[in-house]
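S.K.: Go by the hints and put chains B, C and D onto chain A.
Read off the chains here:
4 protein chains.
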Amino acid sequence: MLGNILGERFMIITFGESHGRCVGVVIDGCPAGLHIDESYIQYKLDLRRPGQSIVTTQRKEEDKVEILSGVFNGYATGAPICMVVWNKDVDSSAYESIRDKPRPGHADYPAYIKYKGFNDYRGGGRFSGRLTTALVMAGALAELLLRYLGIEVLAYTREIGSISMNDVTIEQIRELRYSNEVRCPDISTATLMKDAILNAKHDGDSLGGIVECIALNMPVGLGEPIFGALESDLSRALFSIPAVKGVEFGSGFNAAKMKGSEHNDPYTISDGRVVTLTNNAGGILGGLSNGMPLVVRVAFKPASSIAKKQRTVDIKSMSDTDIVVPGRHDPSVVPRAVPVVESVVALVLADHAIRAGMVPPVIGECSGYKQG
Amino acid sequence: MLGNILGERFMIITFGESHGRCVGVVIDGCPAGLHIDESYIQYKLDLRRPGQSIVTTQRKEEDKVEILSGVFNGYATGAPICMVVWNKDVDSSAYESIRDKPRPGHADYPAYIKYKGFNDYRGGGRFSGRLTTALVMAGALAELLLRYLGIEVLAYTREIGSISMNDVTIEQIRELRYSNEVRCPDISTATLMKDAILNAKHDGDSLGGIVECIALNMPVGLGEPIFGALESDLSRALFSIPAVKGVEFGSGFNAAKMKGSEHNDPYTISDGRVVTLTNNAGGILGGLSNGMPLVVRVAFKPASSIAKKQRTVDIKSMSDTDIVVPGRHDPSVVPRAVPVVESVVALVLADHAIRAGMVPPVIGECSGYKQG
Amino acid sequence: MLGNILGERFMIITFGESHGRCVGVVIDGCPAGLHIDESYIQYKLDLRRPGQSIVTTQRKEEDKVEILSGVFNGYATGAPICMVVWNKDVDSSAYESIRDKPRPGHADYPAYIKYKGFNDYRGGGRFSGRLTTALVMAGALAELLLRYLGIEVLAYTREIGSISMNDVTIEQIRELRYSNEVRCPDISTATLMKDAILNAKHDGDSLGGIVECIALNMPVGLGEPIFGALESDLSRALFSIPAVKGVEFGSGFNAAKMKGSEHNDPYTISDGRVVTLTNNAGGILGGLSNGMPLVVRVAFKPASSIAKKQRTVDIKSMSDTDIVVPGRHDPSVVPRAVPVVESVVALVLADHAIRAGMVPPVIGECSGYKQG
Amino acid sequence: MLGNILGERFMIITFGESHGRCVGVVIDGCPAGLHIDESYIQYKLDLRRPGQSIVTTQRKEEDKVEILSGVFNGYATGAPICMVVWNKDVDSSAYESIRDKPRPGHADYPAYIKYKGFNDYRGGGRFSGRLTTALVMAGALAELLLRYLGIEVLAYTREIGSISMNDVTIEQIRELRYSNEVRCPDISTATLMKDAILNAKHDGDSLGGIVECIALNMPVGLGEPIFGALESDLSRALFSIPAVKGVEFGSGFNAAKMKGSEHNDPYTISDGRVVTLTNNAGGILGGLSNGMPLVVRVAFKPASSIAKKQRTVDIKSMSDTDIVVPGRHDPSVVPRAVPVVESVVALVLADHAIRAGMVPPVIGECSGYKQG
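As you go down the protein sequences, you meet chains A, B, C and D in turn.
In this text, residue positions in the first sequence follow this note's numbering: the first is 1, and each later residue adds one.
In this text, residue positions in the second sequence follow this note's numbering: the first is 1, and each later residue adds one.
In this text, residue positions in the third sequence follow this note's numbering: the first is 1, and each later residue adds one.
In this text, residue positions in the fourth sequence follow this note's numbering: the first is 1, and each later residue adds one.
If we strip away everything but chain A, and leave its shape as in the complex, we get (with noise of 0.2 Å):
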């Protein structure tokens, strides 16, 4: 069952369900004597905290992190570490007509066949968004670890919609993204995006986008061959993110155009460092990083559950129905899209660097602590 399992030694699984008591996660690897900032694991999931704004789900979820083992006085103790987020504001009454309604984008359907009906269906269960609050606690921890070694991972949306925004500063891009609703650093389309949210979600229809990220201060050599190649691991983690369907990777599918004279990039000497003149390998050669910024677009759809009438079957009766799509929905995923794919990319970037060696099993020593 690894299938439900991210990475291989800084290594996590989620558990819960939308409707269910809690969502939890099973840190595994991290290394002992990682100091566990709690208030910043807090800080990254209230950024994708449902209600938080005008442009997300009123659902409304406390979702304070509880640390149930492997962390001591402080620090981690190198034993897995699990922490959850109870299930507070649950409303399981609206979702009795989807057991037999399947909604048209979501895994109702498939979910019903492959577990012959025992799945969870109260809010999507295990196939809603809500689990990806299990990669946003392990992914704070992650971005803690990489802070050690001061790599440093920023997404924003790039796109919703037609609504596409202009290219920005790296600095803008630190301050900006979480400065409004959409999580977009380029403020003046940020507007716009929030614009178009809004009248998607009047028509009782939702907008997909891109949420592009980038990560800084990289090392050289992160990542394995073949199915161990950084874009492998991090592809992987992505596409477990509900509603993405695409993923690419510096000059992604615009790579496809492009001649062999155009895409290399040049190397050359700066500073003392072997650099390259342009990215279009978005920081990765043969699966490996090469020291430059890492840069990947995640492309979203349009959040399924929309508050117009659909067309969908009857699976008992076997016959065709409409539905009117029941519970409280994000008109785009998107902005609370952005911290999740930040964490989703730090937690495949720490693995790496635990695997690739470049973290101690320790880090630093208790104090008191004598070699004995």
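Derived from the structure by calculation, the hints contain no laboratory data.
All values derive from a computational prediction rather than experimental measurement.
Hints are not guaranteed to be accurate.
One copy or any two copies: either way a pair holds, since identical chains are not told apart in the list.
For lysine to aspartate or glutamate, the following DMTMM-like pairs were computed, each having C-alpha atoms within a straight-line distance of at most 25 Å [as the list claims (entries may be wrong)]:
(1) Lys309 to Glu262
(2) Lys101 to Asp91
(3) Lys88 to Glu66
(4) Lys88 to Glu38
(5) Lys64 to Glu181
(6) Lys64 to Glu171
(7) Lys88 to Glu175
(8) Lys88 to Glu152
(9) Lys64 to Asp37
M.R.: For chains B, C and D alone, coordinates are given in the frame of chain A:
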């Protein structure tokens, strides 16, 4: 070192280098009793073989499969199956020059740093596209298993550079994709694509492109929630193919510009089965197959090895310099990548079919077998 | 970090510490549709619970199981099942003294060095026998699955110190093993064993012993060649129980003194089935179950925590010193280990039953389910 | 199919059959830069080779190692290392008879049922002791890695049948264990053991025995809590060797008869290091190495293949019958098992050394390497 492993129940690990003794693969989990059609494995290898046409590298390899274990009297025994092809037309003389001058677009530089110079750099070593031979051998076996389930996997060249094929029927895809050197089932466009590749070759340059792959007769319920999502495992495998820069399913990146009411695929009953009227999902919902055709597109960058002089650095002296990349190259990797994409998709689907309990542990019974 | 994982298809990962907030387990791979009998899980926990009798530690824990995920309407959903028991009667005050003075026989010293002092040392932390609570919760679930296959797992105390039980019938084992505090189905010997434990307790000392476990109604063909041998996976799991020093199957160490003509179990036909006349193999040949009862014996050392003063060192001053181990202890871990051994054997057999394709991916159908 | 894999960071997967084309192993995770001393691998293979003395089978195999990948200019490259020995002296003619008449003590019967007759039954196929050749090749590599850390692994024959060796010094073990056919460092007892084996051979019978293995210069902290305990991983690996019936560490089964005050190893300071005055723990506490010598004993049953007529069944007719087992046999597997035990212990220790962060990802630097 799970990074060198693909699959959980139909698992492969590859070995070998471009200019070493061989390229090989060990497959674990092939159900006992599967008839191993060696000629089909060879057929798929021949489709990938270098030197087969005017649009591929002129390296001449026989690439004749040898099965070293796990097959007895023509049937899988349930033990690991090891298969190799021996490298015969190796010319490493040209590669001494690249030890210190990393080729732009290749793994040379990060590999050199990661392995502190111990990696086999000849012909790209472990990072070479030659390693995809292992994927094709294993993938052919996976296809034999999928046939048992009735699943068919078809890949083809969708775009070369700026040239895009017109839509064709499934029958045309099945019959025509391997009828021309570029592996495009739209015959008239195939001619244009071939010309474009030859022009690029003439210019000492290279072209990228897009390979599309569909899987037909998909059962409902392949895949697992979260990290075992079908998109997750497919993308991980696809990004392990050298030169891949992007992967998208169904509507893919275009989904970002759509509204929910456009994107959601409505359900209906057809011939007593639940189907969707459109297939923006590309056959996957919540990470699970929904019974509709699987549709995935893979963007390939232009081949990194080009005849033109390129800017690089000399690592020994840490100074700027030029390089003309030695060796024999593909002006576009796309045509030879088509059977590789087919193989990789087949490997992932075979693994998930076993994981979903759709394949018995032993297929059929050996002649003469009696329950003891 | 697969080292924290047991099993491949029925997989568990544990978390928690002796004096932390809880002990928990996540089980992945439990087939959807398995009826989760919470009262059976609690029954098994009660058999392991501290403070239950005069021969166990006096730490009082309610050890009431809480299921946090993966169960809906009383049935497994196919999603990971997380279960916890909360630690309530924690008295860590006594443990400050052991930070610098490692207790003989415990993990204190190597854990201190390995984790550079960051490990949670209170009550042994992650190394405490309390962690076996997680094994019992998961093992009870595995037993529920094995019942579905008709497999029965029975463990019992074979020896305490120098006192060995007489052979009894299967029926006696089934009925009587939990009828007394020492879990020995030979009632008269059980009394002697209890006295021996109480004498050791009175002396401030402890006793070891041997737990035997049998599995009845075994199918033929559980297990896999080489590293997936049933003995391999069982021994790995059994040695994860604290205080285990030896594991043997069937004839075990006595086999070393036998001749092949004595040891080989001759086959015969009985009631139309292939059986062996003796069972020196302990039900396993070539790593595979052969249909005869599985027989495994597990040697436990005497509990390391004793009231007597012992010689140790002060790590801070690197000088010799004495210690009287604080805390509340079991004078013999064997009686409480019996349900743990049962659990661990059940976990491995359940995993192998799924791996061998003997369990459908979904057990039964949900009321109201209709094939879509 | 992790069941065919040993190790997590120094990982091996084996392939091949007794009477197939070869026996091979793929090792993943060998650090780049390790000097691969092919002659040492061959030396260890020669110690295991059949036909080497009067007490072994007369099958003649050259067992010459061929390295197919992962080594370049004599050093590991960081890529998977594939090694094979080719089977040459195969005589399968005798094995037709066993298809329907399972040999007592062998895997024939459960394998036939598990694989429904598709398994390669010749010479035991995948279940043959010949597969340990793969363990020895990989183990030799592991020993080369352990040398880098100063760890030394020494196995030797402790008992043959009822004959037990006298205690000898470490120096005698190191120098004398391979000086005689039975691999016992107590020379005078070795002669008695040899006679006992020859007597058994003369009688058409076989003998079992015990192999003891010690590891010297152990670091503190190898191993991980719970399922990654050193005993767990060692026992899993040791039970994968055919004919093993029991594994014990330190005091082992004898611990069951001891009191805590006798069994606990007191700490003291010696030469500025923390050591224990006794070693009942066998060098492992809480699953972690404590710096004292690792001590493990492995019980081997008498070889199952004997010349005497034995009782079995005919599976086709489901009736009782007799069998005289064909083929060439070892009258005791113990002497040839000694280097296998050494290999298996080395494999587990090498894996854990890497997992514990005690080995750099690359050992040394390649001549000519410069940080880029």
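S.K.: Taking the hints in turn, state whether each one holds.
M.R.: Taking the hints in turn, this is what the structure says about them:
no.: 1; hint: Lys309 to Glu262; verdict: between (48 Å within a copy, 12 Å between copies)
no.: 2; hint: Lys101 to Asp91; verdict: within (18 Å within a copy, 54 Å between copies)
no.: 3; hint: Lys88 to Glu66; verdict: both (14 Å within a copy, 17 Å between copies)
no.: 4; hint: Lys88 to Glu38; verdict: both (21 Å within a copy, 23 Å between copies)
no.: 5; hint: Lys64 to Glu181; verdict: within (21 Å within a copy, 43 Å between copies)
no.: 6; hint: Lys64 to Glu171; verdict: neither (30 Å within a copy, 52 Å between copies)
no.: 7; hint: Lys88 to Glu175; verdict: neither (32 Å within a copy, 45 Å between copies)
no.: 8; hint: Lys88 to Glu152; verdict: neither (33 Å within a copy, 41 Å between copies)
no.: 9; hint: Lys64 to Asp37; verdict: within (14 Å within a copy, 31 Å between copies)
Checked against the numbered hints above, the structure breaks hints 6, 7, 8 and satisfies the rest.
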